[in-house]
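**Q** Sequence:
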Amino acid sequence: VYAAFGLFGRDPWKNEDAAGFGVMWTMAGGGTRDWLLPNLVGKYITDTGPLGYWLGAISIRLLAPWVDAANASRLSTGILFCLTCALVWYAAYLLGRRTEVQPFKYAFGGEPEPRDYGRVLGDGALLILLASFGLAERGHETTPQLGQLMSIALIVYGLVRTLDKPLQGAVCWGLGLGLVALTGNPLLVVALFAGTLALMALVPETRSVWLLVVGVPLAAALSVAWPLAVLKLYGDDARWFIQQWINGSINRFSAPPGHVVRYALKNLPLFTWPAWPLAVWAWLSWGGLRRKPHIAVPLSVVAPVLILVVLQSHQTNRLYLLLLPPLAVLATFALPTLKRGAINAIDWFALLSFTILGTFVWLVWLASQTGSPAPLARNLGRLVPGFAPHFDALSFVCAICVTVCWLALARWRLARHPNVLWRSVVLSSAGTTLMWVLLMTLWLPIVNYSRTYRDVAMQIAEHLPDDYTCISPVRLGDAQLASFAYFADMQFSFSGDCDVLLRQDKQDFIAPSPMPSYVWKLVWEGRRAADRDERFRLYVRVDRPMPPVTRRKHPIHRR
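So the number in this note's numbering is just where the residue sits in the sequence shown, counting from 1, plus 184.
By construction, these hints were calculated from the structure, which means they are not laboratory data.
Only a predicted model underlies this, so the values are computations on that prediction, with no experimental measurement involved.
In this text, a Cβ means the ideal position worked out from N, Cα and C, and glycines have one as well.
Hints are all accurate, no fakes.
Okay, the calculated beta carbon distance ranges per label pair:
1) Ala409 with Ile263: 18 to 24 Å
2) Gly570 with Leu454: 27 to 33 Å
3) Asp727 with Leu454: 54 to 60 Å
4) Asn451 with Ala558: 32 to 38 Å
5) Ile434 with Arg566: 42 to 48 Å
Work the whole structure out from these sequences, hints included.
**A** Encoded structure:
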């Protein structure tokens, strides 16, 4: 339920969701060059590797006859999301079967078997992952970050699997590290590899010759396969592209300015809640066993990613998502040591906060449909001016079902007082599922209206000349390029020699400078109704009239 809702029935949304989709859509409709050198309607995208885009483009190709490209591209997002959940569950399950984490044996028996205890801890890790606030939107976007998320989970699983099946674990670890290179950047690979070396140095149980003999060569082969292929096929363009990919990954990290640190301190705790406090408690409560695999393995992945988070040179939460799989595995080992007071506090916080938030979502939806309560309706009108609400029966039924499930689960938790270890996080994970489903049913038309470029793309298309050659974009972001090209089939060129110019301005603007042979004529100006900052202006090139030719008068010579 959590993975499926929010993937379909909506447009590509503003910023990274639309930008990622644009690259996938370009690949799906392009040739080999577009697949090997990711670009957005001709603009090279060198931030990440190509694998995440390949998966979305393959989904578009496979579903093209039946499903539109925007919805088809998110099929890969849902699959990667579910694979991540499975890998987190199995990593925690395998760690939970180990001898050092088993509960004390009772005098007369009755303690759980290692396999059953591992299952309970696996359930707890999965619930903690789903309860994490940052997973909701980021986990449903059409971006390469979902490929990185799955790759990180595969690395954690591979390190855990190495403990009992060294060869299989080494293959999974090497595969995960190589996929990080194909979905991310080289510096992230180096940081994760350094974390594994530190783990092997500090934790004897994780020292495996197979990691070095099989895992490292496999990771290296996957990491260099794509760069070598493009260098062989495309020469100078490929060298420039690979150089930008490597330099960009390095330049993205430096001594962070103060505003970046403040951004991390403000947003990272909320993004990773409730995984991070439980992970901290697990580290504290297992004081004598911190060098055992159930603590050390997830920490070997958390630590390098967290260092890169701190060293970022720009405000972004892209890397925050990669912390969630190892944090969830580590946090599940806090569950056996939580006191009754802490469990009750987590439960009541989740119950009260999600019930209040869910009620608010229902009230806003009611205000959009009926105009009552009036204050909420007025505020909604100011936030999304021009929005025309409509009633969707299927969305309404889904919202009713998930609300009833939430109430039934809350009643079960409070009335039955179950003794399972994951009882402290079941309401948190159910609450995040409740909120996400309500947002993607009751609020989906509102959110879609406020975050899509469909309407403004249609307005621009109506004012384009029928015989225009190409459009020169000025200060357009990747999301805008992708949306305008997808919704209105606009033909962009980055050569600068086009007969139409489309620019974005946030403040006062100056008209494009006239060229010697032509001038620019403003034919349209507008913005998205829900966005007061962006303003788009469309210019058409007009040939400058040639000045009249003045002939020189020759004097008349008399004989």
